[in-house]
Amino acid sequence: MPPAPPQHWLLKSEPDVFGYPDLVRVGREPWNGVRNYQARNFLREMLAGDLCLFYHSNARTSRAGPTGVAGVAQVVREAYPDNLQFDPASAYFDPKSTPDHPRWSMVDVAPALAFPAVLPLEVLRTLPEWQASPLVRRGTRLSVLPVTKEQFRAALETAGARLHVDLV
DNA sequence: GCCAACGTTGGC
DNA sequence: GCCAACGTTGGC
978 MPPAPPQHWL
988 LKSEPDVFGY
998 PDLVRVGREP
1008 WNGVRNYQAR
1018 NFLREMLAGD
1028 LCLFYHSNAR
1038 TSRAGPTGVA
1048 GVAQVVREAY
1058 PDNLQFDPAS
1068 AYFDPKSTPD
1078 HPRWSMVDVA
1088 PALAFPAVLP
1098 LEVLRTLPEW
1108 QASPLVRRGT
1118 RLSVLPVTKE
1128 QFRAALETAG
1138 ARLHVDLV
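All residue numbers for the first sequence refer to our numbering, where the first residue is 978 and numbers rise by one.
No wet-lab data here; the hints were simulated from the structure. Note that beta-carbon positions come from the ideal geometry of N, C-alpha and C, so glycine has one too. Check the hints yourself; a few may be wrong.
Cβ pair distances, simulated, as ranges [stated by the list, open to error]:
hint: 1; residue 1: K1073; residue 2: L1140; range: 18 to 28 Å
hint: 2; residue 1: L1119; residue 2: D993; range: 12 to 22 Å
hint: 3; residue 1: P1105; residue 2: P1058; range: 31 to 41 Å
hint: 4; residue 1: R1130; residue 2: A1066; range: 38 to 48 Å
hint: 5; residue 1: V1053; residue 2: K1126; range: 13 to 23 Å
hint: 6; residue 1: V1053; residue 2: R1080; range: 35 to 45 Å
hint: 7; residue 1: Q1108; residue 2: K1073; range: 21 to 31 Å
hint: 8; residue 1: L1140; residue 2: P1072; range: 37 to 47 Å
hint: 9; residue 1: P1111; residue 2: R1037; range: 15 to 25 Å
hint: 10; residue 1: R1118; residue 2: T1075; range: 23 to 33 Å
hint: 11; residue 1: E1127; residue 2: T1075; range: 35 to 45 Å
hint: 12; residue 1: Q1015; residue 2: Y1057; range: 14 to 24 Å
hint: 13; residue 1: P1058; residue 2: G1137; range: 31 to 41 Å
hint: 14; residue 1: R1080; residue 2: G1137; range: 19 to 29 Å
Straight-line C-alpha distance at most 20 Å; calculated DMTMM-like pairs for lysine to aspartate or glutamate [unchecked claim]:
hint: 15; residue 1: K989; residue 2: D1077
hint: 16; residue 1: K989; residue 2: D1085
hint: 17; residue 1: K989; residue 2: E1099
hint: 18; residue 1: K989; residue 2: D999
hint: 19; residue 1: K989; residue 2: E1022
hint: 20; residue 1: K1073; residue 2: E1099
hint: 21; residue 1: K1126; residue 2: E1006
hint: 22; residue 1: K989; residue 2: E1006
Between the sequences and the hints, there should be enough to build the whole structure, so can you do that?
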């Protein structure tokens, strides 16, 4: 029996802090620091093998190129307690979290595919598949959001990127 | 740097 | 439970 097809997501990160090239460099990264309940709940729905568009937010002032999708990451470990919530020295420390009752979760992701160039938000906005996405609605600040298969495919195609067909 | 939009906090 | 104040996000 074939494995279940992957779900698709979009993960936002500021490239000045941690961009797609950083993910490639480290090979694998715990996606910690998410402190929004809706985003956390999406993290908890992720399954190993799910594919995530890696989105560079707030990128105008960086050398990473425009704001937009830089590549694809893959979920390699499903949700477990975010380590930073227990660290008093961290900006993401949450005094209301205990190891018995952790409030925040993270997944581990690994690089799967670098786009030839960042696919700008400006272009994403023009794709019919993306009209309904919260990403292109102004005022949406969600840092983890679901993406449809159609949106995922349209993004890859427009970016000129190819994933092995079995992965999509 | 600006500022609109939004989530969270806390007084009541 | 309401809601004003506040802090943050993130495009521009």
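Hint-by-hint comparison with the structure:
no. : hint                        : in the structure
1   : K1073 <-> L1140: 18 to 28 Å : violated (40 Å)
2   : L1119 <-> D993: 12 to 22 Å  : holds (20 Å)
3   : P1105 <-> P1058: 31 to 41 Å : holds (39 Å)
4   : R1130 <-> A1066: 38 to 48 Å : holds (42 Å)
5   : V1053 <-> K1126: 13 to 23 Å : holds (20 Å)
6   : V1053 <-> R1080: 35 to 45 Å : violated (23 Å)
7   : Q1108 <-> K1073: 21 to 31 Å : violated (38 Å)
8   : L1140 <-> P1072: 37 to 47 Å : holds (42 Å)
9   : P1111 <-> R1037: 15 to 25 Å : holds (21 Å)
10  : R1118 <-> T1075: 23 to 33 Å : holds (28 Å)
11  : E1127 <-> T1075: 35 to 45 Å : holds (41 Å)
12  : Q1015 <-> Y1057: 14 to 24 Å : holds (19 Å)
13  : P1058 <-> G1137: 31 to 41 Å : holds (38 Å)
14  : R1080 <-> G1137: 19 to 29 Å : violated (41 Å)
15  : K989 <-> D1077              : violated (29 Å)
16  : K989 <-> D1085              : holds (14 Å)
17  : K989 <-> E1099              : holds (16 Å)
18  : K989 <-> D999               : holds (14 Å)
19  : K989 <-> E1022              : holds (17 Å)
20  : K1073 <-> E1099             : violated (39 Å)
21  : K1126 <-> E1006             : violated (24 Å)
22  : K989 <-> E1006              : holds (14 Å)
Hint violations for this structure: numbers 1, 6, 7, 14, 15, 20 and 21, all remaining hints satisfied.
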